[in-house]
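J.: Residue numbers (the working numbering), protein chains in the order written: chain L, 1 to 479; chain U, 1 to 479.
No wet-lab data here; the hints were simulated from the structure.
Every clue listed holds true.
Copies of one chain are not kept apart here, so a pair can be met inside one copy or by any two copies together.
DMTMM-like, lysine to aspartate or glutamate: derived pairs with alpha carbons at most 20 angstroms apart:
hint : residue 1 : residue 2
1    : Lys53     : Asp191
2    : Lys53     : Asp351
3    : Lys53     : Glu182
4    : Lys156    : Asp191
Only a predicted model underlies this, so the values are computations on that prediction, with no experimental measurement involved.
There are 2 protein chains.
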Amino acid sequence: MKAIVRIANEYRLRLYPISRGRNWGFGSRVPVESGCCIVDLKRMNRILEFNEKNAVITVEPGVTFEQAAEYLREKKSSLYLSVTGGPPDGSVLANALERGAGVGPLGDRAKYCNGLEVVSRVGKIAQFGLGPAIEGLFFQSNLGIVTKMSVWLTRKPKYFQLLFFAAYNEQELVAASSAIKELQQQGIVRDTSFSLWNVYRFLTAQIQYPWEAFGGKVASPKELLEHLPKTWKGVQWVGFVGLYSPSLLHAISSRLLVRRAFRRKVSRFFIIDPAIAHVGRLLQKPLHRMTRVDVGKMLEATYFQSVFLGYPTKLQIGSTYWRKRGTVPATIDPDRDRCGLHWIDVALPFDGEDIIRVTRTVEEVAIKHGLEPMANFFNMNQWYMKSFIVIMFDQDAPGEEDAACQCHDELFATLNQLGYSPIRLGIQSMVLGAPTEQTYIELVRRLKQMFDPNDILSPSRYDFRHRWSRPVDKAQSPS
Amino acid sequence: MKAIVRIANEYRLRLYPISRGRNWGFGSRVPVESGCCIVDLKRMNRILEFNEKNAVITVEPGVTFEQAAEYLREKKSSLYLSVTGGPPDGSVLANALERGAGVGPLGDRAKYCNGLEVVSRVGKIAQFGLGPAIEGLFFQSNLGIVTKMSVWLTRKPKYFQLLFFAAYNEQELVAASSAIKELQQQGIVRDTSFSLWNVYRFLTAQIQYPWEAFGGKVASPKELLEHLPKTWKGVQWVGFVGLYSPSLLHAISSRLLVRRAFRRKVSRFFIIDPAIAHVGRLLQKPLHRMTRVDVGKMLEATYFQSVFLGYPTKLQIGSTYWRKRGTVPATIDPDRDRCGLHWIDVALPFDGEDIIRVTRTVEEVAIKHGLEPMANFFNMNQWYMKSFIVIMFDQDAPGEEDAACQCHDELFATLNQLGYSPIRLGIQSMVLGAPTEQTYIELVRRLKQMFDPNDILSPSRYDFRHRWSRPVDKAQSPS
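Turn these sequences into a full structure, and let the hints guide you.
T.: Below you can see the structure in the form of structure tokens.
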């Protein structure tokens, strides 16, 4: 890696390192600017260290979520790595660097990793714990190439329960989210363990577009909802909360408090525990007929092989085929199959009112552009939530790509105006989403000058250069 | 503040900002280099914002722990701010910037704060959540003056218990610490809620030096131990673990697991709950006679007005008078009263073997220099511990200061050699404790060049300039 960076500096070759290239919805493996050489790190896929007692795993950029989970399973470890809902073959290290979020404890991965090794023009930098902390500079940045990272692991809980609820109106949502926030402040619900879906997003994770019902044409999103099975009528949000307990007695105690917090506030909620989950598995066929929800599939993904417990899932990424015609292929690859996908990630306070405001904005803008409004919310901690907003389309359907791009830009700008700032950017939003503060922008330029004076690393990626007062001075040698 | 920095830059005046100047044992308010103007921020003591629902408080540099606790009490808040064992009139903001550690949940304060506002030559910088993270640059650094910070608060637990144990030998200690680590990985014990004292450190927090027993002369540390009351004979370590529960049933569940984890491993442990604490308070006089430990005082400090629950305490800082003759004054001020105090903070893995190795090293070196070996250990998280090593002496006693300085330097070097690296430095150790990696040292120099080109802010404080390849170039104007 050092040699590559040295040679690239010598010949002023622009490099665009990718780990696994699975940054779907944010540009996948496509450089922000053209004229870059892709540096594909997927063969740097060694697990360099693992320590059961200390609950840490050290990985290279190419190590995937699936690979890490498989490795821990083989070692018969009592530990697991928090996974995302995204591609199982995505890079653990790159997800952390993007400040991606995992499900369950330690999901705010950028907080729970260390031992970074960074290659840059100024030399190799490794971690330390004294003096000004510079690790932060290499998250969402183009200042160096991170070649190694230690990620912290979670001990499997003795007892796992899953709270499921459906909110039928805004009052129910406000009540549910404030109950969960309160439970989290008391330590019953853990960070990054509450996942909320608006009904459209939930729907697209369950089924493919019902083309036959609408004669092969795109229906309006409202019509789509009317097409829902009876059991789902009127549902506006669906929520899942993982409950991790060190003993059965703790689990019962938590269940009592959760029940008390939800009772008479939300009309439909239940807590899945091992007994109920097994019954559900036995009765999956009649339940499927009754609810038109594939209960078996849902139980696998949320309980038995739960994302909440570190099992990578293909359930959500399959939904990238939502607007495609034909069935979802065995090997999911939205890039190859021209599935259109735009992501928007914004931060919002952990407050029902804000969830409602974001959902309403997404609905308004997406429906205007003839697209399904999809929003997911996730408690990063008791202080703030992350919203994952998805725009799905078919790259092969005439006009859809234009509509989706317009929808993305309008939604992005509107949310930003309302104070819901982006916290992660795609190649389509690097220019739209820059922080407002000019002092910071200039600092980024000067850091770029310091770490990458020839400006060869991933130009325009999180460097906000469209707002720089002047370009980096390439003549300058590293001082 | 901006004006001060501008003027100082113009006239090349060196500034040394202090918030409260309570950095006892690390140099208090004394600049690392001479010729600095003290910028005393203690009158910037406003609590700028507080939000009960969101559990955040925003403070200026002069806000003290006592002031924040008082403020929350007045507001009848259900929240508290994790406090240190240090001076109640220390600065909340400065403690976070030094990467100080608080007791109980959210004690790793540098992780649980945001909204920094920094004044530097490059302008005022405020927080953001996108692109490279630069906040880390202002912790343990001299790159800017932090004038504002938001700190996260903890909800009071419904039920609080305190595990107390004494370890009589190394096996017991290893068993206890591995049990606590396991309980922490299961989520029963929270981060920064386990405090372990070696017997000397515990002793000095209980009593003043027993001058009369040794005819006014300093006895050897071993003799001192023999002077202990019978109940304490043979104790080598004393540990406290806060147990925070959201309900009585949770508390009982946790107690069962803690008991099971400790039974037959540690010969003396008990769990203080509200009932036991009240009985202890009633019986404090006979208990005091029996154990020679001031049970009433200890219960106040650890349970009723517990540091584990955000009550600032003077108990530990009173011990800075350990070697002084005469009683501890009503207003504690070790600087005024010439109490000698050197601190060493190192990191170690959360492992009994490492705790033993650090304790043995401290004992060996301190006893050689005729000083009591005092070490405190604290679980920053399930991965690593912080050790607070204290060297106490009397600045007025001939020869003690020299011995203490020699002891400090030898201990510091020995621990570092054994791999226990410092994680916080005093003005006496800025040169001794620099990180080994030269790439990092040069980066700090270049950051200094960028943020403070006239080199006027706290020179030599956490900048490791004795290892710089060259000084910052003062002629350069900010680019």
